[in-house]
Amino acid sequence: LRGARIDGDGDGDDTVAMMASTQLERQLNNARKFVSFNQRNEMGERSLFQPGGLVNTPDVMATLIDQMVLVLRHNNDFTGLPIKDQAELLESNVMVAAIVASFELYSPQTRLVTWRLTENDFRTIRTLGIEASDGRVSFGLTDVLARVEVDIKDDMVKMFKFLDYFSHLGVPSSAMHLLSLVVIFTHDCCDLEAAARVEERRRHHLFLLFECLVHSEGVLGACNVAARLHSAINDLNRICQLLGQKFVTVRD
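Numbering (the working numbering), first residue to last: -4 to 247.
Quick caveat, the hints were computed from the structure, so don't treat them as lab data.
Treat the hints loosely; a few may be bogus.
Unchecked claim - Here are the simulated distance ranges between beta carbons:
#1 Q236 / E144: 18 to 26 Å
#2 E194 / L237: 23 to 31 Å
#3 V152 / E126: 20 to 28 Å
#4 P167 / A141: 29 to 37 Å
#5 E126 / E195: 17 to 25 Å
#6 G135 / Q236: 18 to 26 Å
#7 R21 / E194: 34 to 42 Å
Stated by the list, open to error - Straight-line alpha carbon distances no greater than 25 Å define the calculated BS3-like cross-link-like pairs of lysine-lysine that follow:
#8 K153 / K241
#9 K241 / K156
#10 K79 / K148
Backbone N, C-alpha and C define an ideal beta-carbon position, used for all residues, glycine too.
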């Protein structure tokens, strides 16, 4: 979270931060509600599982990305950027942001991810005999390893180890929502037309993120969490770069 300052510039009020976080949470939940992993539309067909029962990992990641993109379509800071800059930021950051947005669904106590299913996805997993309670499905590393191809098993192990590590950083869910936007506006590796504007928006969301952390952890605790977050996001970037080379193509 390099670049954040404690003094801020007046727009990092904790009330504003919590309101922004609540709005993001609502948008994320709506995206998960309306964008299914199993879908058939004008863009093609997508499925949660392959015919043999293995997870269709490229389609799953593409759906997570689509859910994040749907959230960004309602973000004036993002849609107000030149189209070229939007494409650059998405190509560079959307995979990491989509995974960050999902971290709140992981429980370090059970080491399970619990996901609320759309009706379409619920019907699909029932045909495979997968248990779902109250429209939700829970899965852990063992479940995933049994249903992914051999060449990405090591990546899944790394991802779940990172999930467990990240869950102990002390990041409240309210801050997690804002972190996904901070990630989106990161532009270190981007060629942008409006770089100054993107940096200003990144700093704005950094201040909001810091206010959320202060609200939960106090100033000293927020500083400690922010330092750990900076290192953790760098690590997640490396994991996603390796994973993305295997199966993800981001459409314009």
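Okay, the hints, checked on the actual structure:
Between Q236 and E144 the CB atoms are about 19 Å apart, so this pair conforms to the stated range of 18 to 26 Å. Against the hinted window of 23 to 31 Å, the Cβ-Cβ separation of E194 and L237 comes to about 27 Å, which satisfies the hint. For V152 and E126, the Cβ-Cβ distance of about 23 Å falls inside the hinted range of 20 to 28 Å, so the restraint holds. At about 32 Å, the CB distance of P167 to A141 agrees with the hint of 29 to 37 Å.
The beta-carbon spacing between E126 and E195, approximately 47 Å, falls outside the hinted interval of 17 to 25 Å. As the Cβ distance of G135 to Q236 is approximately 25 Å, the hint placing it in 18 to 26 Å holds. For the pair R21 and E194, the beta carbons lie near 27 Å from each other, so the given range of 34 to 42 Å is not met. For the proposed pair K153 and K241, the alpha carbon gap of about 15 Å is at most 25 Å, so the pair holds.
Pair hint K241 plus K156 holds up; C-alpha atoms about 20 Å apart against a cutoff of 25 Å. Between K79 and K148 the CA atoms are separated by roughly 35 Å; this puts the pair beyond 25 Å, and the hint is violated.
Hints 5, 7 and 10 from the earlier list are contradicted by this structure; the remaining hints agree with it.
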